[in-house]
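So you can see what is in the structure, the chains are spelled out below.
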Amino acid sequence: MAQKKFNIFRWFLRTGWRHLVGLVVCMYAIFPILYILSTSLYPNNDINDTTALFAEISPANYIELFAQDTRPFGRWYLNTVYIGVFTALGSVFLSALAAFAFSRLRFRGRRGGLLSLILMQMFPSILGLVAIFGLMSDIGQVFPQIGLNTQAGLVLVYMGGALGAGTYLMYGFFNTVPKEIDEAATIDGASHARIFFTIILRLVAPILAVQMLLSYIGVTSDFVLASILLTDPNQLTLATGLQQFISDPYSKDWSMFAAGAVLSALPSLVLFLFLQKYITSGLTGGAVKG
Amino acid sequence: MKQTTRKVVGLIAALGVVGAGVSIGTPASAASTLTVWADKGTIDTIKSRVTAWDNANAEYTVQLVEQDFGLVRDKLKTAVPKGQGPDILAGAAHDWIGNLVAANVLLPIDANLPNNFKDDFVPGALQAMKYNGKYYGVPGWTENIAILRNVKKAPKPVKSVNDIKDGELGVNYSATTSDPYHLYPFQSMFKAPIFTTDSQGDWTNTVGMGGTNGANFAKWLKLKGTKFFGPPANAKILCDFLNPINKTKKTGLIKYWVTGAWNINAIENGAGACKTGLKIGSGYAIDPFPTGPTGIKAQQFLGIRGYLMVASGPGNTTNVTAAVDLMRFMSSEATQFSLYDNFNKTPANKAALNRAKDNPVIAGFANAANTVPMPNSPAMDAAWTIWGKAQTRIIQGKEAKPDVAWATMVKTLQATINKTK
Amino acid sequence: MARTKVKAWKSETPSLAGILWKLGTLGITDAIAVTMIMVLVAQELWLATAVSIVVLLVVNWIYLRKGGLPAKYLAPGVLFLIVFQVYVLLFSGYTAFTNYGSAHNGDKALAVQTIKNAAYRTLDGEDYTIALVKSDSTGARGFLMTSNADGQVYVGEDNKPKVLIPEGSYTLSPLCADKYDEDIENCAHAAESATGYTTVKPESLSELEKRKYSSLRVEIDPNDPTIGIKSSDFTIALPVQDTLQYDAEADTFTALTNDDYGTFMAGDVFKPASDGYFRLNGDIDSQKLDGGWRVEVGLANFEKIFTDVQLREPLVKVITWTFMFAFLTVLTTFILGLLIAFLFNHEKLKGKRIYRAVMILPYAFPGFLSAYVWVGLLNRENGFVNTVLLGQTPGNEGNFPWLLEENPARLAVLLVNLWLGFPYMFLITTGALQSIPSELNEAAEIDGASAWQNFRLIKLPLLLISIAPLLIASFAYNFNNFTIIYLLTKGGPNDSGITDYDVGGTDILITFVYKIAFSGTGQNYGLASAFSILIFLVIATISLISFRRTKKLEDIV
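Residue numbers (numbering that gives the first Met the number 0), protein chains in the order written: chain A, 0 to 289; chain B, 0 to 420; chain C, 0 to 556.
Please keep in mind that the hints were generated in silico from the structure rather than gathered at the bench. Hints may contain errors.
Over 10 angstroms on every C-beta distance to chain B, these chain C residues come out as not near it, computed from the model [unchecked claim]:
#1 109
#2 191
#3 221
Taking lysine-lysine and the DSS-like style, the derived pairs with C-alpha atoms no more than 27 angstroms apart in a straight line are [unchecked claim]:
#4 200(C) to 178(A)
#5 287(C) to 129(B)
#6 270(C) to 418(B)
#7 418(B) to 287(C)
#8 129(B) to 107(C)
#9 74(B) to 107(C)
#10 270(C) to 287(C)
#11 316(C) to 410(B)
#12 418(B) to 303(C)
#13 349(B) to 178(C)
#14 115(C) to 418(B)
#15 218(B) to 296(B)
#16 115(C) to 129(B)
#17 115(C) to 74(B)
#18 400(B) to 226(B)
#19 46(B) to 178(C)
#20 278(B) to 155(B)
#21 117(B) to 21(C)
#22 21(C) to 178(A)
#23 129(B) to 178(C)
#24 400(B) to 200(C)
#25 410(B) to 287(C)
#26 115(C) to 209(C)
#27 229(C) to 129(B)
#28 21(C) to 71(C)
#29 356(B) to 178(C)
#30 117(B) to 115(C)
#31 229(C) to 117(B)
#32 159(C) to 200(C)
#33 107(C) to 418(B)
#34 303(C) to 316(C)
#35 397(B) to 316(C)
#36 418(B) to 316(C)
#37 410(B) to 270(C)
#38 71(C) to 178(A)
Idealized CB from N, CA, C, for every residue including glycine.
The task is simple: from the sequences and hints, build the whole structure.
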């Protein structure tokens, strides 16, 4: 018996406490989400009403969400996926290129360039709204396909922010990849492009995946830029569209909002679960062997 | 090959953005589209009538674009100088006009309004659309607040504000910027109008709520405090108004609610956790405001929600003809009666209002009205924040000397207004 | 300390496939760019054309020349950066030196147009229902005018007096003159055509024709030729008198009549004044015409920041809180994120993936939406947190005032931001931990290092190399974390006392600046931009210093 008690104690010291902390943090992480899920399933709920979680379960809100003709939720959904995917691909690619240069190449102005990139990110860009609106309006006069009220235009604007946002992050991770690896490859006669695309990118693949996910989530969360650049109800993203449900002080519709919120979070969630596998199987194996 | 393939996939994905944009982006064809910006509530209200106009005018297509009520003005100011504004701003509060005119975004329509048209509206409604002698829009519906009384809890209208006990009143005011609109009837009980008026009864830019009257109001606000006015941002007014009194749980205490027609739907049908509504007459009544502590009759603001003509930016032409026609259609008797009939909007059109007079809600608010038109000058725009802030702070007991705080507010506000002259 | 590790990268790929791919992608890019340039040329946008050509040439030079490797990797990103970020930055920088704002909302052309739009007054008297006509004999444009006062019908041509048309020479429309007249049976009918004239439908006109018709002015008062009728909507014409005349050459407005509102008298001349208004004689202290434009004001905005007494007290408070907020956010999210990352970097932990999936949820939810949910959760009377988690009585006004008082609101903002931010830190620290070669771990274990030693001496320093820049970035991000503050509290509760400025207890600099720029009294982009520049200088300095330290870290490797 004494033997067993000792084991439990050891188990707690080794792994048990991890479960305890994990559970507590999980509660913290999940209760607001359970709450919104519960709201979305509860017909005619008001967010300020306290009812027991999941007191009533009905798909009514979800059905109504797709039935609204002035608020084409389905369209918003596709728009967001389109914008999110292209932004994620584009910006991760751009910042990986730049991060490679900063991390592996030595050139005049490297430090200055990196520094400028970071500093530029620190400019309080909320005021840039006016400038960006003007810019996109001007572009739209000449190229209506990428101007105001187009998703392509919005993707371009987001990609404009990619370099600043992503390069620094990726630069840090590129630095943790031992330089000996690419030095060895160079000696073997590999070109820079080959090293970048086949060695470095592969080694940081988990980070790229994480980055894309972050970028996608960033896009789905943004409503300040999107709301000023997109106006046609059919062009809106989920963030700008959903915001409409609760922006009017006299007709807040929390139920619709909650249902829409749950659905709009789904892709990021699935994406994460999918990428999680990728991350865990990531770097552990071949780096130095390659 | 594999690695190069990947490289190309990457690049093509980047370039694909441009390509996909070409195929997916829909260029706006401006020629015969009339664009109307409005908030969600307004769109729901006007949609069927706008469609009716649209169907009758084959050469135009009306596009209703939903905008956030709180942000639409900022957006307009950004969009119009770039020629990206709408033709009409619908459901606009008339007190926005001065500020929008100063920002170069509105177009006067005097030359498009026939003389006989000007007699079609209730007093003050078309004037509310006028700023510096020019009409910038047409009235849609009117709004004023009244005292809504739960008949079961308070069988008789309350005569004096002194007869309302702590906890019996519900009034919406926010924690951050207060809400001078809902508190104005109480302020008017002290004869402290927001601005002074000139010989013709028009508002001036001189703050009128200073002096002894203002100081007395400020002291009264502090005296009454949150006990009387309730907590700021009170989300449970509706339930407390609808539910019967429960002394042990301290719920259902509110007998009188300072609000407007926009809450009638919630009162009659219930909302959120309070599912049971009240019917007018047997359940609730619409009363005039009680007189002040010293017997002065209260006044409330008359608010007009209207259709404003938006100016076009350089290089763009607004469809003035069609836009004015649509606006006149929306201000016609038929439309305004329809908006009343379906959405309980009080018509600004005289003939429509006369036809609607039998409705107890419309009659109730009309009967309760002792209104002054809300000023529509930029000075008014400057006032809301600081004025409301002073009220909220005093109610919450954050100002030890309410009269001094009030005087500071008046002085600061006047200085701000003078600066922008 | 000279960098000796400069590498001998092979400057070009030797493989044929590589070259082909490169040329192919460059070709596609060039094709798109050339198409765009052609569009620019077609629209005669010469400056844009020139800039585009230069950019195109530079891009081709970068990729076709030998060497210059860094540029090849940086060019795509930098191009986007310049267009969408550098431009915005310069624009904001310039704005700080202007009076751009609500009342100076655009260029001078817009202001002139605004004044011109309102430079008339309508007179009492008869108005007319009109139809557009063209004379069959001369081809002159004109109005067929039906008086709404007495039903008489006239025809009028530009700058000529109206001419009465006798009954019988015109036909009345079967429709009511005023189609929104409810009295359908007795409504007035207007003439729709007249002999000798062809009626023109407005919708069939070209833009140019429309403009010609809308500038048509018919004299209606034989005694006063300044009174005429005009129509901009081609259905109604009112007697209109012009009040101001714009002289484009002299750039002045001259008053033609006395203004009903006393703004001007006949003969007054309004000239552009230095504050972006047309003022009487251009004198800055005198009467102005409504309609301002953006002008440069030098350092006035900066001066205001440093001298405005009203601003001082709230500003100090806001700055202090901004630093606290950013620092505490980074600290709390990093500690929690790191803790969990280590927790789960344990091989044998069961249910690891489930935990992980749950903890990442706050991140999968759009941040703006989470903020709204938290507002509901933290409601004082009925919020979930108070009534369920803290067990307080629902509906009680004495419950914990999460968002309603300053210190609780600050705590709430930090807690919500921790909730939002720890999964991010968890993600990046996990990523970083996994990129630490496992051989290092194994080596440490073989050396007999304890877990704590392993963490402190090996993992943490390595982690910090990749994470430290992120912590700085996170600090800078939160320094300007507009969304969370604005959506949760709008900067409130409003404890700032009675000032002109809308400042609250949780306002950080960026929300404060946003309010200056976009809400309340006369939006002031100029002042807000001046603030942005100052904020930028502060945060840039801090980051710069921190960056120097990471340089040391990097050199350790």
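task = Would you mind confirming whether the straight-line C-alpha gap from residue 21(C) to residue 71(C) stays at or under 27 angstroms?
result = holds (11 angstroms)
message = Checking one constraint from the list: CA of residue 107(C) to CA of residue 418(B), max 27 angstroms. Satisfied?
response = holds (22 angstroms)
Restraint check for residue 115(C) with residue 209(C), where alpha carbons must lie at most 27 angstroms apart = Status holds; Cα separation ~18 angstroms.
Agreement of residue 74(B) and residue 107(C) with the hint, judged by alpha carbon distance not exceeding 27 angstroms = holds (20 angstroms)
Holds or violated: residue 115(C) to residue 74(B), with C-alpha atoms at most 27 angstroms apart = The hint holds at about 24 angstroms.
query = Does residue 270(C) pair with residue 287(C) here, judged by a C-alpha cut-off of 27 angstroms?
reply = The hint holds at about 9 angstroms.
Least C-beta distance from residue 109(C) to chain B larger than 10 angstroms = violated (5 angstroms)
ask   = Is the Cα-Cα distance between residue 303(C) and residue 316(C) 27 angstroms or less?
value = holds (18 angstroms)
inquiry  = Can you confirm whether the C-alpha distance between residue 129(B) and residue 178(C) stays at or below 27 angstroms?
reply    = holds (24 angstroms)
inquiry  = With the threshold set at 27 angstroms, check whether the alpha-carbon distance from residue 218(B) to residue 296(B) stays at or below it.
reply    = holds (19 angstroms)
request  = Would you check the hint for residue 316(C) and residue 410(B), treating anything up to 27 angstroms between C-alpha atoms as holding?
outcome  = Measuring from Cα to Cα gives roughly 23 angstroms; hence the hint holds.
ask   = Going straight from one Cα to the other, do residue 117(B) and residue 21(C) come out at no more than 27 angstroms?
value = violated (71 angstroms)
Of the hints listed earlier, those the structure fails to meet are numbers 1, 4, 21, 24 and 37, in rising order.
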